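Peer 1: As you go down the protein sequences, you meet chains A and B in turn. So the first sequence is numbered by numbering that gives the first Met the number 0: it starts at 0 and just counts up by one. So the second sequence is numbered by numbering that gives the first Met the number 0: it starts at 0 and just counts up by one.
Calculated from the structure, these hints are not laboratory results. Because the structure is a prediction, the values reported are computed rather than measured. Don't take every hint at face value.
Each computed PhoX-like pair below joins lysine-lysine, with the alpha-carbon atoms no more than 25 angstroms apart [to be verified]:
1) B:K130 / A:K240
2) A:K232 / A:K303
3) A:K312 / A:K11
4) A:K232 / B:K265
5) A:K232 / A:K11
6) A:K11 / A:K240
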Amino acid sequence: MKELVKKPVLRKGVGLVAVFIIVQLLLMTGVMNDYYFATLVTICINIILASSLNLITGFTGQLSLGHAGFMSIGAYTCAIFMMHVPPGWGVGAFLAGVLLGAVAAGVVGLLVGLPTLRLRGDYLAIATLGLSEIIRIIMVNLDITNGAAGLSGIPRFVNWIWLFVFTAGVVLLIANFINSTHGRACKAVREDEIAADTMGVNTTRYKVIAFIVGAFSAGIAGALYASYFYVIKPDLFGFLKSVDILVIVVLGGLGSLSGSILAAILLAVMSSLLQSFAEIRMVLYAVMLVAIMIFRPQGLMGSKEVSLALLKKFGKNLTFKKKRV
Amino acid sequence: MDQFMQQVINGLSLGSIYALIALGYTMVYGIINLINFAHCDIYMIGAYVGYFCLTVFKLDFVTTVLVAMAACTVLGVTIEKVAYKPLRNSSRITALITAIGVSLFLEYGMMFLVGPNVRTYPEITGLLAEKFNIGSVIVSTQQVIIVGISLLLMVLLQFIVKKTRIGKGMRAVTLDADAARLMGINVDSTISFTFVLGSAFAGIAGVLVGVYYNSINPLMGYLPGLKAFIAAVFGGIGSIPGAMIGGYTIGMVEVMVSGYANSMYKDAVVFAILILILIVRPTGLLGRNVREKV
Chain A
0 MKELVKKPVL RKGVGLVAVF IIVQLLLMTG VMNDYYFATL VTICINIILA SSLNLITGFT
60 GQLSLGHAGF MSIGAYTCAI FMMHVPPGWG VGAFLAGVLL GAVAAGVVGL LVGLPTLRLR
120 GDYLAIATLG LSEIIRIIMV NLDITNGAAG LSGIPRFVNW IWLFVFTAGV VLLIANFINS
180 THGRACKAVR EDEIAADTMG VNTTRYKVIA FIVGAFSAGI AGALYASYFY VIKPDLFGFL
240 KSVDILVIVV LGGLGSLSGS ILAAILLAVM SSLLQSFAEI RMVLYAVMLV AIMIFRPQGL
300 MGSKEVSLAL LKKFGKNLTF KKKRV
Chain B
0 MDQFMQQVIN GLSLGSIYAL IALGYTMVYG IINLINFAHC DIYMIGAYVG YFCLTVFKLD
60 FVTTVLVAMA ACTVLGVTIE KVAYKPLRNS SRITALITAI GVSLFLEYGM MFLVGPNVRT
120 YPEITGLLAE KFNIGSVIVS TQQVIIVGIS LLLMVLLQFI VKKTRIGKGM RAVTLDADAA
180 RLMGINVDST ISFTFVLGSA FAGIAGVLVG VYYNSINPLM GYLPGLKAFI AAVFGGIGSI
240 PGAMIGGYTI GMVEVMVSGY ANSMYKDAVV FAILILILIV RPTGLLGRNV REKV
């Protein structure tokens with residue numbers, strides 16, 4: 000038994016189940032009301048978005064400013080699908096819709112990634128920003144997406160179980176990807192593209208793979224969004240949304256998955272605290288962004304992950320300091 | 000044909016404005032490799048300063064332009080000193096996110112100060128409001144002035160960069176900041192001077208847009224800013240004639256698409272051009288091809 004507990008997989012599993020059960024209990028006892036649950040949904044969606052962008056920007060080093068575009072494709076595909084299938088499909092329509100939305104976003108990611116990932120740094124950022132704007136403009140002009148007014152009355156299937164399954168699924172998928180051969184290749188591309196190329200890493204291939212996995216996950220997040228909030232419209236997925244996601248990733252630390260999760264929770268809590276200062280909220284947000292960049296550009300976690308070893312080290316540092324005093 | 004010529008005139012005036020903003024992007028990018036997202040908001044603030052000069056203080060047009068230029072210059076240099084200077088040696092992504100942060104700060108700070116609603120520029124009377132016909136094409140004095148001012152400024156800028164001492168310093172810092180410092184060039188003040196020039200141009204563009212389109216709002220900078228950046232990329236980033244060519248091309252394309260096709264798609268077409276040019280010729284029309292050293 001002791002041997003088993005030491006295995007990281009099992010530890011992660013126990014942690015996940017514990018989180019699931021705690022929230023389920025809070026929901027059942029009514030401590031978590033609809034307002035809190037909506038915040039929880041936002042947090043989970045942001046976790047998915049931030050982890051997937053972190054894979055592209057933090058782990059593979061490709062700055063993307065168009066993540067909201069992939070999210071919108073997932074959201075619209077899922078919403079249109081669910082609104083057009085017969086009502087008898089029930090939850091099957093939702094699952095098929097999420098899958099379809101994710102695949103559609105992934106396919107667009109592939110089509111977009113192949114040509115643009117040849118670009119470097121800032122140029123890639125601007126190209127992805129341009130692409131997400133193009134996607135938004137297309138959504139505004141199509142009939143099936145109902146133009147600028149957007150779609151409303153999307154059936155709601157998202158509950159805690161599905162939310163948990165998809166969020167945990169995406170995070171585990173990305174965590175496992177990062178620790179695989181492919182993930183290491185992605186990190187090599189981030190550290191030095193030319194060196195990676197010389198060592199035989201097919202850089203374009205890994206950049207495109209990271210991009211597709213990221214887009215696929217963003218599609219899932221979009222689909223969940225559509226199926227919880229009833230209403231989607233093109234304006235929700237503009238540049239500001241992409242920046243929002245990027246801020247979570249940067250605040251958490253580029254290249255730290257647990258950092259992204261922490262930052263998603265932190266920002267959601269902060270934004271609901273600032274709800275009463277609606278006008279000045281964005282100003283504070285901007286100031287915070289600049290301040291983080293100047294004083295702590297590596298974000299909360301840097302490129303480290305939250306782990307027992309790190310906590311132990313932190314604890315040691317604390318006790319060490321005490322002794323010195 | 001008449002309609003076409005009319006569109007050309009409109010495209011020229013729009014293109015001049017894009018070119019003026021693009022100059023600021025291209026100079027700053029050339030010198031510190033940063034997409035200065037805040038640049039488009041400096042242009043927005045220029046428009047607001049112009050608005051208050053014309054309505055509250057009842058200044059004349061020329062003074063208004065000068066005041067807007069001065070205000071934008073101060074703002075641009077302050078932004079550079081406060082937000083960008085501490086980050087000069089950090090990674091590109093850090094600087095880029097800071098620029099986005101400054102841009103959001105200006106947009107929403109302005110929204111907080113003056114309110115999110117659209118404001119109408121006062122009606123310009125006198126010589127500026129006149130219209131005359133060339134053949135059957137209607138040209139307004141405003142359009143002539145917009146095109147004239149921007150051409151004049153671009154010639155002036157080209158002169159500053161190519162013929163003056165500080166211009167030589169700017170070119171040196173663009174090529175290699177460390178080597179320039181060793182040669183006794185004050186890199187910090189050269190970078191500040193670049194921001195002075197870019198922000199002053201953005202200020203002028205802001206007032207001109209206010210007068211030309213009559214309406215301004217705190218988020219007016221976002222789209223023209225992006226398009227001006229596209230113009231800079233199109234012409235070859237870092238190149239002043241390139242920014243001009245890019246500005247006029249983007250302005251022309253936009254006017255033609257809204258004139259002859261669906262105006263809803265004009266922004267999409269501009270972005271599509273950007274992506275095409277990035278894929279086919281990432282250095283732009285007149286850009287230098289920088290070889291990567293290992």
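Peer 1: Of the numbered hints stated earlier in the document, which are not met by this structure?
Peer 2: When the structure is compared with the hints, numbers 1, 2, 5 and 6 turn out to be violated.
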